[in-house]
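Visitor: Below are the chains, spelled out letter by letter.
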Amino acid sequence: MSLAARHLEANGIPTVLFGCARDIVEHCAVPRFVFSDFPLGNPTGKPYDLDMQRAVLSLGLDLLVSASAPGTTVVTPYEWSADHSWKDKVFSKAQPFLDPEATKTWLERKETYRALKGTGTL
Amino acid sequence: MSEETVSHVRYIDKTRAYYQAEGYGKSYEWAHFEDIPFTPFASVGRALSQCRVGVVTTSEIARRDAEAGSDDPRRLVYSLPTDLPVDQLYSKKASYDRYATSLDDVDSYLPLTHLHSFIAEGRIGAVAPRFQVIYSEYSQRKTLTVDAPEILKQMREDRVDVAVLAAV
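Protein chains in written order, with the numbering used here: chain Y, 36 to 157; chain S, 698 to 865.
No wet-lab data here; the hints were simulated from the structure.
Remember, predicted model here, so these are calculated numbers, not experimental data.
Where hints are given, some of them may not hold.
To be verified - List time: in silico DSS-like cross-link candidates among lysine-lysine, alpha-carbon distance up to 27 Å:
#1 S:LYS711 to Y:LYS139
#2 S:LYS839 to Y:LYS152
#3 Y:LYS124 to S:LYS789
#4 Y:LYS128 to S:LYS789
#5 S:LYS711 to Y:LYS128
To be verified - Far from chain S, some chain Y residues (derived; all Cβ distances over 10 Å):
#6 VAL109
#7 PRO112
#8 TYR113
#9 GLY153
#10 GLY155
Claimed, not checked - With beta-carbon atoms standing in for the labels, derived distance ranges:
#11 Y:ASP86 to S:SER746: 15 to 25 Å
#12 Y:TYR113 to S:ASP801: 15 to 25 Å
#13 Y:GLN130 to S:LYS789: 15 to 25 Å
#14 Y:ARG149 to S:SER724: 10 to 20 Å
#15 Y:GLY153 to S:ALA744: 44 to 54 Å
#16 Y:ARG144 to S:GLU764: 16 to 26 Å
#17 Y:ASP86 to S:THR842: 34 to 44 Å
#18 S:THR842 to Y:ASP118: 15 to 25 Å
#19 S:TYR835 to Y:ASP86: 30 to 40 Å
#20 S:SER746 to Y:THR108: 18 to 28 Å
#21 Y:LYS124 to S:SER836: 22 to 32 Å
Every residue gets a Cβ at the ideal spot worked out from N, C-alpha and C, and that includes glycine.
Please take these sequences and the hints and turn them into a complete structure.
Guide: Printed below as a string of structure tokens:
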């Protein structure tokens, strides 16, 4: 997604990217980034918290207009929970990131992609 | 409390360790650039209240009323209308923190309802007639040479002024 933001921006469309993986987005380097320190899944606010979602989107629109230099990150002022233990559990043996079925699909897709690439279809 | 709990998650380090432990060998090289492209908002030449906003999501979203077909093996960018009520949409994405949260509320990762509210309130001018869905790809080459140009093409067709991208 960061690569897409960069491409749009390089071709004259100002962008703002919402995300929860700060290190990955900033490693790639995007023009404008709204970071929520949340689990992967809800870059535009907590589920069913309409006020928060509206405020997060609003921050992004403000950033679109106000950013005067590339690489600007705005951190939303929200905490996922008082308990931060979810951060320790991410990508741990106790909590496999993908369930077995999704892992199987992921591996099959990789093979399909290799095959398509090999035939020049992609 | 570990050091990690007082700051954001280091996904690059975490995924490297995780997949090496799973036996996947060579670590993924995350995209990295020193330069950052930048189009100042002023170059758009109109106020945000006059701008048409494009929207991109990685949520692999689908319509509830559509027949479940087989997934496109090429995993190309596709688009859906932005005027669909969010309760007619659902995410098929498997890669998110399924232990800590859910993708049940579309507006928490694809803010269509709130964009429409902002139109009604005059904060933005319009939203593009369709939003784009891009897959999170292993291949940066595909994202750069196939997917991103397709999104740009569709946004130009839709006369998009500014773009909002939300990464699940």
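Visitor: All hints are to be evaluated individually against the structure, with a verdict given for each.
Guide: Structure-based check of all given hints:
A threshold of 27 Å between alpha carbons decides the hint, and for LYS711 (chain S) with LYS139 (chain Y) the separation of about 21 Å falls inside it, so the pair holds. Between LYS839 (chain S) and LYS152 (chain Y) the CA atoms are separated by roughly 10 Å; this keeps the pair inside 27 Å, and the hint holds. The straight-line distance between the Cα atoms of LYS124 (chain Y) and LYS789 (chain S) is roughly 23 Å, inside the 27 Å bound, and the hint therefore holds. Of the pairs offered as hints, the one joining LYS128 (chain Y) and LYS789 (chain S) holds, with about 24 Å between alpha carbons and a cut-off of 27 Å not exceeded.
About 11 Å separates the Cα atoms of LYS711 (chain S) and LYS128 (chain Y), which keeps this hinted pair within 27 Å; it holds. The Cβ of VAL109 (chain Y) lies farther than 10 Å from every Cβ of chain S, with a closest approach of about 14 Å, so its non-interface assignment holds. Separation of PRO112 (chain Y) from chain S is adequate, the least Cβ-Cβ distance of about 14 Å exceeding the 10 Å criterion. The claim that TYR113 (chain Y) lies off the interface holds: its Cβ sits roughly 12 Å from the closest Cβ of chain S, which is beyond the 10 Å cut-off.
Annotated as non-interface, GLY153 (chain Y) keeps its C-beta farther than 10 Å from every C-beta of chain S; the closest such distance is 13 Å. Non-interface status of GLY155 (chain Y) relative to chain S is upheld: no Cβ of that chain comes within 10 Å, the nearest being about 12 Å off. Evaluation of the 15 to 25 Å hint for ASP86 (chain Y) and SER746 (chain S) yields a pass: the beta carbon distance comes to about 22 Å. Separation of TYR113 (chain Y) from ASP801 (chain S) is about 19 Å and conforms to the stated range, judged on CB atoms against 15 to 25 Å.
Between GLN130 (chain Y) and LYS789 (chain S) the Cβ separation comes to about 21 Å, which falls inside the hinted range of 15 to 25 Å. At about 19 Å, the CB distance of ARG149 (chain Y) to SER724 (chain S) agrees with the hint of 10 to 20 Å. Evaluation of the 44 to 54 Å hint for GLY153 (chain Y) and ALA744 (chain S) yields a pass: the beta carbon distance comes to about 50 Å. Against the hinted window of 16 to 26 Å, the Cβ-Cβ separation of ARG144 (chain Y) and GLU764 (chain S) comes to about 21 Å, which satisfies the hint.
Distance hint check: the CB atoms of ASP86 (chain Y) and THR842 (chain S) are about 41 Å apart, consistent with the given range 34 to 44 Å. In this structure the supplied range 15 to 25 Å is violated for THR842 (chain S) paired with ASP118 (chain Y), their Cβ-Cβ distance being about 43 Å. In this structure the hint that TYR835 (chain S) and ASP86 (chain Y) lie 30 to 40 Å apart at CB holds, the actual value being about 37 Å. The given range of 18 to 28 Å is respected by SER746 (chain S) and THR108 (chain Y), whose C-beta atoms sit roughly 25 Å from each other.
A beta carbon spacing of about 29 Å between LYS124 (chain Y) and SER836 (chain S) agrees with the range 22 to 32 Å that was offered as a hint.
In summary, the structure is inconsistent with hint 18 from the numbered list given earlier, while agreeing with all the others.
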